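Let the sequences and hints guide you as you build the complete structure.
Here the protein sequences line up with chains A and B, keeping their order. Per numbering that gives the first Met the number 0, the very first residue in the first sequence carries number 0; after that it's consecutive. Per numbering that gives the first Met the number 0, the very first residue in the second sequence carries number 0; after that it's consecutive.
Derived from the structure by calculation, the hints contain no laboratory data. Predicted model only: the values in this text are computed from it and were never measured. Please note that the accuracy of each hint is not assured.
[To be verified] With a straight-line Cα cutoff of 27 Å, these simulated DSS-like cross-link-like pairs (lysine-lysine) come out:
# : chain 1 : residue 1 : chain 2 : residue 2
1 : B       : K325      : A       : K325
2 : A       : K325      : B       : K285
3 : B       : K232      : A       : K325
4 : B       : K223      : A       : K325
5 : A       : K285      : B       : K325
[Said to hold, decoys possible] Stretch-level coverage of chain A by chain B, calculated; a stretch enters the list once three of its residues show a Cβ under 8 Å from a Cβ in chain B:
# : segment
6 : 81–94
7 : 322–335
For glycine and all other residues, C-beta sits at the position ideal for the given N, C-alpha and C.
Protein chains: 2
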Amino acid sequence: MKRTIIRNCMLLDDGAEHGVISGACVAVEDGRIAYAGPEDAYRPEEGPSDTLDACGALALPGLINAHTHVAMALFRSAANDLPLQEWLNDRIWPLEARLDGEAVYWGTMLGIAEMLANGVTAFSEMYFFMDDIARAAEAGGMRASLYRAVVGLYGDGGRIADAVRVHRDWDGAGGGRIRVGLGPHAEYTCSTAVLRSCAERAKEMGCGLHIHVSETRREHEECKERHGMTPAKLLKSLGLFDVPCLLAHGVALEEGDIQLIARSGQVLAHCPGSNLILASGVAPVKRMLDAGVTVALGTDGAASNNNLDVWQEMYLAAVLQKGVLKDATAVTAAQALAMAAEGGAKALGCDGSIGALRPGTRADLILVDTDRPHYWPLTDMKRHLVYSGGARDVVLTMVDGEVLYDRGEYPKLDIKRVRAKAAEAAARLFGG
Amino acid sequence: MKRTIIRNCMLLDDGAEHGVISGACVAVEDGRIAYAGPEDAYRPEEGPSDTLDACGALALPGLINAHTHVAMALFRSAANDLPLQEWLNDRIWPLEARLDGEAVYWGTMLGIAEMLANGVTAFSEMYFFMDDIARAAEAGGMRASLYRAVVGLYGDGGRIADAVRVHRDWDGAGGGRIRVGLGPHAEYTCSTAVLRSCAERAKEMGCGLHIHVSETRREHEECKERHGMTPAKLLKSLGLFDVPCLLAHGVALEEGDIQLIARSGQVLAHCPGSNLILASGVAPVKRMLDAGVTVALGTDGAASNNNLDVWQEMYLAAVLQKGVLKDATAVTAAQALAMAAEGGAKALGCDGSIGALRPGTRADLILVDTDRPHYWPLTDMKRHLVYSGGARDVVLTMVDGEVLYDRGEYPKLDIKRVRAKAAEAAARLFGG
Numbered sequence: 000m001k002r003t004i005i006r007n008c009m010l011l012d013d014g015a016e017h018g019v020i021s022g023a024c025v026a027v028e029d030g031r032i033a034y035a036g037p038e039d040a041y042r043p044e045e046g047p048s049d050t051l052d053a054c055g056a057l058a059l060p061g062l063i064n065a066h067t068h069v070a071m072a073l074f075r076s077a078a079n080d081l082p083l084q085e086w087l088n089d090r091i092w093p094l095e096a097r098l099d100g101e102a103v104y105w106g107t108m109l110g111i112a113e114m115l116a117n118g119v120t121a122f123s124e125m126y127f128f129m130d131d132i133a134r135a136a137e138a139g140g141m142r143a144s145l146y147r148a149v150v151g152l153y154g155d156g157g158r159i160a161d162a163v164r165v166h167r168d169w170d171g172a173g174g175g176r177i178r179v180g181l182g183p184h185a186e187y188t189c190s191t192a193v194l195r196s197c198a199e200r201a202k203e204m205g206c207g208l209h210i211h212v213s214e215t216r217r218e219h220e221e222c223k224e225r226h227g228m229t230p231a232k233l234l235k236s237l238g239l240f241d242v243p244c245l246l247a248h249g250v251a252l253e254e255g256d257i258q259l260i261a262r263s264g265q266v267l268a269h270c271p272g273s274n275l276i277l278a279s280g281v282a283p284v285k286r287m288l289d290a291g292v293t294v295a296l297g298t299d300g301a302a303s304n305n306n307l308d309v310w311q312e313m314y315l316a317a318v319l320q321k322g323v324l325k326d327a328t329a330v331t332a333a334q335a336l337a338m339a340a341e342g343g344a345k346a347l348g349c350d351g352s353i354g355a356l357r358p359g360t361r362a363d364l365i366l367v368d369t370d371r372p373h374y375w376p377l378t379d380m381k382r383h384l385v386y387s388g389g390a391r392d393v394v395l396t397m398v399d400g401e402v403l404y405d406r407g408e409y410p411k412l413d414i415k416r417v418r419a420k421a422a423e424a425a426a427r428l429f430g431g
Numbered sequence: 000m001k002r003t004i005i006r007n008c009m010l011l012d013d014g015a016e017h018g019v020i021s022g023a024c025v026a027v028e029d030g031r032i033a034y035a036g037p038e039d040a041y042r043p044e045e046g047p048s049d050t051l052d053a054c055g056a057l058a059l060p061g062l063i064n065a066h067t068h069v070a071m072a073l074f075r076s077a078a079n080d081l082p083l084q085e086w087l088n089d090r091i092w093p094l095e096a097r098l099d100g101e102a103v104y105w106g107t108m109l110g111i112a113e114m115l116a117n118g119v120t121a122f123s124e125m126y127f128f129m130d131d132i133a134r135a136a137e138a139g140g141m142r143a144s145l146y147r148a149v150v151g152l153y154g155d156g157g158r159i160a161d162a163v164r165v166h167r168d169w170d171g172a173g174g175g176r177i178r179v180g181l182g183p184h185a186e187y188t189c190s191t192a193v194l195r196s197c198a199e200r201a202k203e204m205g206c207g208l209h210i211h212v213s214e215t216r217r218e219h220e221e222c223k224e225r226h227g228m229t230p231a232k233l234l235k236s237l238g239l240f241d242v243p244c245l246l247a248h249g250v251a252l253e254e255g256d257i258q259l260i261a262r263s264g265q266v267l268a269h270c271p272g273s274n275l276i277l278a279s280g281v282a283p284v285k286r287m288l289d290a291g292v293t294v295a296l297g298t299d300g301a302a303s304n305n306n307l308d309v310w311q312e313m314y315l316a317a318v319l320q321k322g323v324l325k326d327a328t329a330v331t332a333a334q335a336l337a338m339a340a341e342g343g344a345k346a347l348g349c350d351g352s353i354g355a356l357r358p359g360t361r362a363d364l365i366l367v368d369t370d371r372p373h374y375w376p377l378t379d380m381k382r383h384l385v386y387s388g389g390a391r392d393v394v395l396t397m398v399d400g401e402v403l404y405d406r407g408e409y410p411k412l413d414i415k416r417v418r419a420k421a422a423e424a425a426a427r428l429f430g431g
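Dropping the structure here:
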């Protein structure tokens, strides 16, 4: 058994003064949390152990990015301050048409490096060149739920069969960290036959789905014109809600959609930064929470964010609802933090096994240095984290008990090579 | 003459590929920029000089915080997720009633430490215990425009006379970095006689004013009921726009107000983070820019933000307008950056002397490390800064040619003492 004891840390504790205890430790055994609590109450079993001194930092569950297209890190800032159609038609799609597996691999590695520095330990991916993405996730050591994108208004072009193959080849890889599902892109890019077929394959394989839903008012209304019902109702009618179906965006959801999603037990991946930058609007998150929908947080791709920083999404998830609804109580700091942790765990189909620090969960955790001016004085730790803190404060990121980021260093990545290869790929995509 | 040459840096350049040039240098002579451009074109005059290696970092003008109450850093996260009236009546005002000069001094020092780490070089302050704030600004080395708060619905309680004294005692202190004006708090906290009197004293002293205006819809409408006109029109009618009058918030401004402010040449300090967290809404910034209003950025106090991070305000200034107006072109990255630099300079009455890196401006500058995953690949530097970058990337902060922050170190501050004294003050305020 491999045991690591993270000593001298703080832990969130709602019952404690300022919502935090110090003098705590977290014991990790074979990639799982064995103990998280006061250091003086820890009684390890016999056997050797490594010690990691947290230097007083706060241990948190790793943040979870529930909706992204990681390789789009290559397109960071390549297209902004533009209308959506120009963004897509003139910038993003031509760039994507030039992508190859090599570019997607290094774009994903770049995004993984960024996410690890930001304290993100797991992500839910929808893109293509999925073998390259899976290789990058495996090499990078992150936890990932991968959904091979399926588009097709006139047949699926063999994409569903390829998605089934990806599932066979990669589900359970990376020591179980990699899980594979199907990613029907959206109602407006897939025929009903393709959508239904995706649902059927997912049922057969026992895997989940991941789809964009009601990201903009326009697509939402066009679906109603085409099908006489909202996208969420259409997906339900086609069987997509018979399996776990991770729904991205939901900006234009109506009350009936929200009730349906709540009843179906599906998770909504809220992407507030992307929704703002692409001028889609603000999703009705407060109403979703009130209806009992589990909300997770996604960065979307870096072409529309422009980073992969779940801290920023937590902040936005809380403050946007307050500002837009004119209700300072709309979404609390604690709720925003839960979206990034427990909500993300449920989004990735890892409910109960990540997103919390307690005995039995996987050791996907981060250390956050709160001994910095923007955390002083200590009044309420959760509010400090969500409203004042940020990715800048992450000093260590661990997945499955393995340290993947440590104060600017990447023990498992050749970061200089990642930078150079990503720059090469970008030069190929943008050049000539 | 004291000369420092900042070598091996990048500089923004709209004409260059990706909007940036490398291999540049900035020469600082007696606190002023003497040169900023390609290193190989720099021809220094004779004489000794120090060299500072920027290690390839990007040199930017220091960001400017155009509306804040710095000492409220002591109340960080002490009151959130609450309705505005509860926030004010039950939390903030009772805390403020317990403030003393010692607490304000150390709260201000804490805020200064935070702002320096965030690359903020100047701030515009409205609060009380102004001598203590001035002492902190002087000791901390920051540039500050200080406006002693004046409230009074039934006479000013001697506050205007005290503000005049503060002007006499402190205007021009700190080697000219400290400027003093009058801070009538708001229409709803001052009688028209008090407002008019503030305007008259400001005219006599040749100084500016700083006031909250139309922060919420409610106060805006109540002013119309009381006075038959909007707050902006009332201020104009009372003579406040005859001098530079820095207007904070402006969430509820009407079209006529915006036109009036544009014609009067006044600056609006936009505080998007505070306006969201307090559920006030989103100011009509796009309409202000279209009308020709100069917009600056403010964090407001840390009790309603909860940090003093102008990067976050830049980000919000750009993306909120896009999201709320459903127009991705509404405010660009370049416009948001200009709000934090040139806009802030004008807000502080330092137009042309700070907010830009060019020969003759004061050497208020920062170095930003862009050799980090969230800046890769390099596509467009201004978009990278506003949409992906943040305070985390600031490695050095200089005011008037003096280094005040350098990779976590504060050459002029005893940061441990600041932390301890701020914690002591907070314990006194919150305790017993």
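Checklist entry - Straight-line Cα separation of B:K325 and A:K325 no greater than 27 Å? => result holds (19 Å)
Next on the checklist: For B:K232 and A:K325, compute the direct alpha-carbon distance and say whether it is at most 27 Å.
Outcome noted: Since the Cα atoms of B:K232 and A:K325 sit roughly 25 Å apart, the hinted pair holds (cutoff 27 Å).
Checklist entry - Is A:K325 within 27 Å of B:K285, Cα to Cα? => result holds (20 Å)
Item to check | Verdict on chain B covering the segment 322–335 of chain A, criterion of 3 CB contacts below 8 Å | outcome: holds (count 10)
Checklist entry - Given the proposed pairing of A:K285 with B:K325, does the C-alpha separation stay at or below 27 Å? => result Between A:K285 and B:K325 the Cα gap is close to 20 Å, so the pair holds against 27 Å.
Next on the checklist: Please verify the coverage claim for the segment 81–94 of chain A: does it have three or more residues whose C-beta sits within 8 Å of some C-beta in chain B?
Outcome noted: holds (count 4)
Item to check | Distance restraint between B:K223 and A:K325, which requires alpha-carbon spacing of 27 Å or less | outcome: holds (21 Å)
This entry satisfies every hint, going by the numbered hints stated previously.
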